Amino acid sequence: MPKRNSLWANIDWITVILFVTLMLLGWVNIYSSVFDQEHQSIFDTSQRYGKQLIWIGAALVIAFVILIIESNFYVFFSYIIYGTIILLLILVLFIGVEINGQTAWFMVGSFRIQPSEFGKFATALALANYMNTHGFKLQKLKSLAIVSLIILTPAALILLQNDTGSALVYFSFVLVLYREGLSGVVLFFGALMIVLFILSLVVSNLVLALILLGIALIAFFVLNPKFKQFLRIPVFYMASFLFLFIVNLILGKKYEISFLISIASVVGTLIVLGYSFRKRLKYFAIICYIFLGSIIFTFSVDYVFNNILGAHQQARINELLGIKSDPLGAGYNVNQSKIAIGSGGVWGKGFLNGTQTKFDFVPEQDTDFIFCTVGEEWGFAGSILVIGLFMIFLTRLIWLAERQRSGFSRIYGYSVAVILFFHFFVNIGMTIGIMPVIGIPLPFFSYGGSSLWSFTILLFIFIRLDASRYEKF
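In the numbering used here, the protein residues as written are 2 to 474.
Calculated from the structure, these hints are not laboratory results. Treat each hint with caution, since some may be false.
Stated by the list, open to error - When the alpha-carbon atoms are kept at most 25 Å apart in a straight line, the in silico SDA-like pairs for lysine to any residue are as follows:
1) LYS350 to ILE340
2) LYS254 to PHE244
3) LYS52 to PHE300
4) LYS52 to ALA64
5) LYS339 to LYS350
6) LYS254 to VAL268
7) LYS350 to ALA312
8) LYS143 to GLY294
9) LYS143 to ILE87
10) LYS339 to ILE433
11) LYS350 to ASN336
12) LYS138 to GLU181
Since this is a predicted model, take the numbers as computed values, not measurements.
Given only the sequences and the hints, what does the whole structure look like? Please build it.
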């Protein structure tokens, strides 16, 4: 494609049109979800749809300003922007306003600003700048440590604000690292941790330890099917258990059998590990490490679940996994949301005709649960249209990221795509009951100035970088 000298000619207008379309569709649904017969004017700033119009106007101004600034600015000042946001995230812990148990907002007059929303684009800029430095290799321990520090620092500060949902967004950056050369093994272990976390809550630690032990034994046998040699492995575990059982009898049955079996699994694995090193059985050793790590992680889940997650988050996860049923408490939001979406049928009830949303049966219906308004009023067809627009939008971003000539722009572009995808997938997943309710907005749809502006900045910096893809920086 020939180089075009005009900035406006180089801008990807398809992405801009998709952005505006999603933003306007979001406003229409906000208007419908909080519609009041006494305040029908769309410019009534006493209502949320009136305020959202102000946020939309400001977002368009922000987008224009970003586009007219030289693209080198975002490279040169990336670390400064990142450092400023980190300072704000620290400052909000001391002078921020607490709302719904979260100390995450600054009050500016009658407006609230949430710095954690702006941490996403700042982290993406810093990450892109560092990973684009000369000689950077993700396989180096030092490089991986610094990358982890860039990502986890804002996540940790946001976690201290008691905003677990926003903190979890930062883990989506692992997909960017995977695109830039991170081993797929990391993704495998990440998925394994999620599965183990869920299983640890659903079944007892003893049962899960026995399941893991059984899988490990099968793996040992597959790697060494010779019966006599394989037979040594379960013997090690049985010997460990018998030894601990006898010691427990001497101590007067101080410990329960379940505890002894768990400890015997660990001790037996350590013995197998030593046997693996002596016989130079590399794959045996790998299985041992995976098994030990899985056991340790499994027994740490209780602590994380009971001491790090908030009570409302514990209740929502228990409700999602079917461990406890609380339809009038933790499960109320999701149940009402599913009722609203299901009641829309194929074509929906029509604009302003949603009864579930109209009578406030669905809490947070214009913010975290805005998608239930789409499902109720526009039905299955409207829901598919909105999801389809988001998928086209995200696919377009990935395509733009791949065509970048600089590593900085490519890495930043992928960061934009994965952040928006995480919000899109989790938010809609919350409303239909396949994801836990962690309180994150649907990009460009949910009510709120901070989220809309942060997503706008995140997106339009990339659009500006893409418009300068022929330049060197």
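Right, here's what the structure says about each hint:
This hinted pair checks out: LYS350 and ILE340 have alpha carbons roughly 13 Å apart, not beyond 25 Å. Taken as a hint, the LYS254 and PHE244 pair is honoured in the structure, with Cα atoms around 13 Å apart against an allowance of 25 Å. Among the hinted pairs, LYS52 with PHE300 is inconsistent with the structure: their alpha-carbon atoms are about 48 Å apart, more than 25 Å. A hinted pair counts as satisfied when its Cα atoms are at most 25 Å apart, and LYS52 with ALA64 qualifies at roughly 18 Å.
At most 25 Å may separate the alpha-carbon atoms for a hinted pair to count; LYS339 and LYS350 meet this at roughly 15 Å. With a CA separation close to 19 Å, the supplied pair LYS254 and VAL268 stays within the 25 Å bound. For the given pair, LYS350 sits about 36 Å from ALA312 by alpha-carbon distance, which is inconsistent with the 25 Å threshold. Straight-line distance between C-alpha atoms of LYS143 and GLY294 comes to about 23 Å, which keeps the hinted pair within the 25 Å bound.
Annotation: proposed proximity of LYS143 to ILE87 holds, straight-line Cα distance about 22 Å (limit 25 Å). Using a Cα cut-off of 25 Å, the hinted pair LYS339 and ILE433 holds, with the two alpha carbons roughly 6 Å apart. At most 25 Å may separate the alpha-carbon atoms for a hinted pair to count; LYS350 and ASN336 meet this at roughly 19 Å. Note on LYS138 and GLU181: the hinted pairing holds, with a Cα-Cα distance of about 9 Å set against a maximum of 25 Å.
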